[in-house]
Every structure is written in structure tokens, then in C-alpha cells.
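Protein chains: 2
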Amino acid sequence: MNLHQASSKPHELLATHLEAKMQAVNTLIHDRMASKHAPRIPEVTAHLVDAGGKRLRPMLTLAAAELCGYQGPFDVHLAATVEFIHTATLLHDDVVDESGQRRGRPTANLLWDNKSSVLVGDYLFARAFQLMVEPGNLRVLDILSNASATIAEGEVLQLTAAQDLRTDEAIYLQVVRGKTAALFSAATQVGGVIAEAHESEISALYDYGDALGIAFQIVDDLLDYQGDSKATGKNVGDDFRERKLTLPVIKAVAKADTEERAFWTRTIEKGRQEDGDLEHALVLLNKHDALQDTRQDALFWADKAKQSMSQLPDHSLRQLLIDLADYVVARIN
Amino acid sequence: MNLHQASSKPHELLATHLEAKMQAVNTLIHDRMASKHAPRIPEVTAHLVDAGGKRLRPMLTLAAAELCGYQGPFDVHLAATVEFIHTATLLHDDVVDESGQRRGRPTANLLWDNKSSVLVGDYLFARAFQLMVEPGNLRVLDILSNASATIAEGEVLQLTAAQDLRTDEAIYLQVVRGKTAALFSAATQVGGVIAEAHESEISALYDYGDALGIAFQIVDDLLDYQGDSKATGKNVGDDFRERKLTLPVIKAVAKADTEERAFWTRTIEKGRQEDGDLEHALVLLNKHDALQDTRQDALFWADKAKQSMSQLPDHSLRQLLIDLADYVVARIN
Numbered sequence: 001m002n003l004h005q006a007s008s009k010p011h012e013l014l015a016t017h018l019e020a021k022m023q024a025v026n027t028l029i030h031d032r033m034a035s036k037h038a039p040r041i042p043e044v045t046a047h048l049v050d051a052g053g054k055r056l057r058p059m060l061t062l063a064a065a066e067l068c069g070y071q072g073p074f075d076v077h078l079a080a081t082v083e084f085i086h087t088a089t090l091l092h093d094d095v096v097d098e099s100g101q102r103r104g105r106p107t108a109n110l111l112w113d114n115k116s117s118v119l120v121g122d123y124l125f126a127r128a129f130q131l132m133v134e135p136g137n138l139r140v141l142d143i144l145s146n147a148s149a150t151i152a153e154g155e156v157l158q159l160t161a162a163q164d165l166r167t168d169e170a171i172y173l174q175v176v177r178g179k180t181a182a183l184f185s186a187a188t189q190v191g192g193v194i195a196e197a198h199e200s201e202i203s204a205l206y207d208y209g210d211a212l213g214i215a216f217q218i219v220d221d222l223l224d225y226q227g228d229s230k231a232t233g234k235n236v237g238d239d240f241r242e243r244k245l246t247l248p249v250i251k252a253v254a255k256a257d258t259e260e261r262a263f264w265t266r267t268i269e270k271g272r273q274e275d276g277d278l279e280h281a282l283v284l285l286n287k288h289d290a291l292q293d294t295r296q297d298a299l300f301w302a303d304k305a306k307q308s309m310s311q312l313p314d315h316s317l318r319q320l321l322i323d324l325a326d327y328v329v330a331r332i333n
Numbered sequence: 001m002n003l004h005q006a007s008s009k010p011h012e013l014l015a016t017h018l019e020a021k022m023q024a025v026n027t028l029i030h031d032r033m034a035s036k037h038a039p040r041i042p043e044v045t046a047h048l049v050d051a052g053g054k055r056l057r058p059m060l061t062l063a064a065a066e067l068c069g070y071q072g073p074f075d076v077h078l079a080a081t082v083e084f085i086h087t088a089t090l091l092h093d094d095v096v097d098e099s100g101q102r103r104g105r106p107t108a109n110l111l112w113d114n115k116s117s118v119l120v121g122d123y124l125f126a127r128a129f130q131l132m133v134e135p136g137n138l139r140v141l142d143i144l145s146n147a148s149a150t151i152a153e154g155e156v157l158q159l160t161a162a163q164d165l166r167t168d169e170a171i172y173l174q175v176v177r178g179k180t181a182a183l184f185s186a187a188t189q190v191g192g193v194i195a196e197a198h199e200s201e202i203s204a205l206y207d208y209g210d211a212l213g214i215a216f217q218i219v220d221d222l223l224d225y226q227g228d229s230k231a232t233g234k235n236v237g238d239d240f241r242e243r244k245l246t247l248p249v250i251k252a253v254a255k256a257d258t259e260e261r262a263f264w265t266r267t268i269e270k271g272r273q274e275d276g277d278l279e280h281a282l283v284l285l286n287k288h289d290a291l292q293d294t295r296q297d298a299l300f301w302a303d304k305a306k307q308s309m310s311q312l313p314d315h316s317l318r319q320l321l322i323d324l325a326d327y328v329v330a331r332i333n
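Sequence order for the protein chains is A and B.
Here full-length UniProt numbering is used: the first residue of the first sequence is 1, the next is one more, and so on.
Here full-length UniProt numbering is used: the first residue of the second sequence is 1, the next is one more, and so on.
Since the hints were derived computationally from the structure, they do not count as laboratory data.
Heads up, none of these hints are tricks.
Identical copies carry no separate label here, and so any pair may be met within one copy or between two of them.
Cross-link-like lysine to aspartate or glutamate pairs, in silico, EDC-like; alpha carbons within 20 angstroms at most:
1. LYS54 <-> GLU19
2. LYS115 <-> GLU98
3. LYS255 <-> ASP164
4. LYS115 <-> ASP93
5. LYS21 <-> GLU66
6. LYS304 <-> ASP293
7. LYS115 <-> ASP97
8. LYS36 <-> ASP168
9. LYS115 <-> GLU269
Take the sequences, apply the hints, and build the full model.
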């Protein structure tokens, strides 16, 4: 990570490069989140859509399509599709996690109710499927419907695996592929598919999205234990308090002695937490180099993302995507 | 309704006629509800799928396809798609309605939790989209993705309209088209589309499903006020207690004097119900012929369904679908 990259945030450079297309995506999103009959739908959706997320996923689709020479209009539809799927999963996630805050604002389930979040999420999923049908490309439909199934499967797996100390790194990776990487990889892959790129390029775009998504989620899970809450918008230890078995804890559990294992069993599996437990968890994480090792894993995946870009045409967007992979892990560097 | 029809239940005759295909549908459903990684998914799904529902919607798809001369294998995929969408909406409905019972058994949200119902529902939606992509027919995808959006929109509309005394018969019809008729009409329409039927036939199949679905839901709402709980599996007055503004009450509210309006405002809008309120509600419904008029509406829609069949080829299945429309309203005759 050099100074130039650090000072010019790649996701902002991407946004500038893709500005015209992203405006079309935003217009389409606002157009399609409307509902003639049920005003609750755009109300709830706008609360999330206008909350100032980075729109990383739709930008990945647009960037992949342009990188592979796409000239048509449907990258906009697919980018909006990807953002709708993402928004729908956020609505349902907040219900499942009983969250009260997202991006520093109260969640929709708190402002309205769980019912609205469930049903408006369903509506956005359906809108996503309507949008993805419009380009008339069956392979795109195949990729996005498979990604949707992987996302939901990952979420269900997380339900049962999150508080189970037997969850190992392989299961963690499956969960992460489901909850995060599947949509990243579908977002980049469909960009290549509508551009009719070579198979090797489409495959490299998939690899990039997959690795970037995994790096992104590992960073998120790491920051939960060592982040600066002002910068991340999250409180240190949220995952611990919510008894989520993420990579740092999985690594510490794998090296735990009997007494330490009893601590994790009590705090994560049984959820009987006391004052001082988070501090003790941090001691154990540091004792076993779990945070350091987790950081190494994030860097490994970011590097994998960057390497996959070597298959793609030389283009300013290629460099931006490489820089983006660095940027994703810069928060922990 | 003659004696022959009454004694030979059309949905059972349909099931017999479509037995081989329905076995293929059931095999496909069980195959696709599996999950390599998350055993919670087939557990929750099986609880609903194996609960002994009538499988009316998939039978409508198979019947429509056969009636229009379809010979290929994809009617089975589309029938399974329709059943998956239906199952997913049931899972989410039970969360939204906070239901404890369905088809005389505890609901999934009670046996597991709301989280599992939300996420397994999402998984089944995604599986439905995977299945519907397989026939490779873009018009089918268009119809089913539109139906999914209409279903979700109807559910959200119901959220806000159900306890609002300004809800009139037009809004009720929109809700009913969303929550019930949209899937019926999509089920019949896609059967005609994959059979490459004439446009007039496809349109008639849509009309049949739409009218049958509306009749079906009106009957359901009527039986809530005058059904035999042993036969229906529901308790009289459930909708009243849950403050759902269905057609009988909408009709009574439209004719209410000031005092009666105050009663509906208190019991439905404000939900401050007391002993004897259900009995008084029934008095008001009868005073204004609301149950009788609701019954007439159900018969009107059943008749409309039957009439639309005149556009379709003469075939034993056509008669079965006509009889099915009679059967749907037979419960209130």
C-alpha cells in the first residue's frame, strides 16, 4: 500500500470513473423500489438505499463489464439487481440478528417492525429477479439464482454454526462465501458474461469477487475485536456479545487448553457472559496470535484477488480493482 | 354442484389423473430442498412440505400444460417452482402473522424460530428461481418473477390495510390478488406458455387462475366467520381476533351507522376487544347481509373461472378444472 493509494481511496476513484453509469443505476433502483399500492415499500427501502452505503457491489458489476469491453445498457440492470439482492439480505439480516443499528442509524425493523422488514425484503428479492430477467441472458440468470441460493444457505448455516464450538475454519469459509463472497463473485462474473468475455476472463472475475468478498468479511470480523469504533461504526466486541463464532475465536478455540475451552463454551455456546469476559477473550486471542493470524488470512485473500486480475486486459479499471483489494485490507494494516 | 361432483372431489380426481407427474414433482421438491451444508433447511422445509397440503398450485401447472398438449419434461420443474414459492410465502407469513398453528400442526417458527423461518424461506425462494431458470424460457421467467413481486407487494399492502377501516373492496381485491391469486394465475399461465398454446388460451388460463384464486381466498375469509372448525381446521373468528379486515367486515363497515362504526374502530383498528365482541360482530355481519353478499362474490368469481375455460380445448382435464372451481366454493354452499 503506497501513499498514493492511501490518499485516493480506490472505491472513490471507482465511483468517479463509473459516475454516469452509477447515476443510471441509482435512477433504476429508485424507479423499481416504487410500489403503486404499498407506500410502505419505498419508505423502508429508501431508509436503507439512501443511507449512504458505498455501492461496492454494483460498482463491481459495472467495472467488470467495462473492463471486458461491454457497450450495451444491461450492466446497469445487473448492477441494480445486485444492489437489490444486497438490500434485501440486509433487511432480513437485521431481523435475524435482532439488530437495532446499521451504518450508524436505527434499523428498519426498529423504525417500522420485523414484519415490514421481512416482506419488503421479499419484495426487493422479487424486484431483483424481475430486473435480472430483462437482459434476456440465461447464463446470467443461472449465476444470480445460484448466488441467491448460496447466500441463503450460508445464512442458515451461520444460524446453526455460529454458537457451536465445533465450527472450524472450513465451515467459517462456507458461511463467509455464502453471506458475503457469493454476491461479490456473482457481481463481477455477470459483468464478464454480458460482455461476452473469454471464459478465462469470466473465471478470473469470479475468482476476484470471491477472494475480495472473503477478505472483506475477514477484515470485518477482525475489526470487531480490534477496530476503532469511530472509524468502523461498530463497537468492539459486538460479535462476542452476540456469540458469533468468527475466525479470530475459531483460531483461539483450536489452540485452547481445557480451561480456555471452558471459557469459550460458557461465553459463546451457552451465552452466560459476565463483566470482564470480553477483556479475557482479547487476552486469549492475543495469547494464541489469533488476531495476527486472522490478519494474515485477510492479506492472503486480498493477494489472491489481485493475482486473479492478471488474467484480465490491461486497463485503468484493472488497476483500480487491484487497488481496491489493497484498500479492503488497508483498514487492518 | 351435483351429487357426482360432491362425492368425487375434483382435486382428488386431478391428483389421480396427474399421479405420475406429481410423483416426479415430489421427487424434484425433495431433491432440491436438500442442502449439503445446512441440515436445518430440509428439516424446516419437510415440516411444511410433508404436512399433507393438497398441492393445488403445482397440479394447476401440470393440468394447464397437459390441457394445451405439452409433451416435454419442464412442466415438472415449473410445478415444483410454484410449490417452492408457495412454501416460502407460508414460512414468512407465519412469522409475520405470529402464527402458532398451520394445517393443525405447530408452525415452523414455533418449532424452530423466526430466524429459521425467514432464512429457510429465502432459501426456498432462491431454489424456486433456480428451478424456473432451467426450462430456459424467458417468458416463463417474466411471469413468475412478476408474480413474486405481486405476492410480496400484496403482503405489504395487507400489513398496512388490514387494520385500516378505510380499506375498501378494491383494496381488498388487490391484497387477495397478491396473497393468493397471483400465484394461481402464474401457475396456470406458465403451463400454457411452455406448451406454446395460442395467446387466447394462455390468456384464458391466466383468467382461470386469477378468478379461482380470488374465489378461493374469499371462501377462506368467509369460512373464518361461519365455518365449521372441525372441517376447516380454523377457529371461527380468528381473523376478527387478529384484526384482519376481510371482505365480510368491509361490507358491514360500508353499511355501518355511527355506533356500529365505533364498534369496528374499537375492535379492528384499535384492537381493544372484549368478551362478546365476536358475537356482536356476527350480529352486525348478518344484519347487513355481509356474509350472504360475500358468498355471492365467491360464487361470481368461481363462475368467472369456469367461463374462462370455454376458450380451452375440449379435454377431460378441462372438465376437472371446471369442477374444481365448483369445489372451491362448495364449502360455502
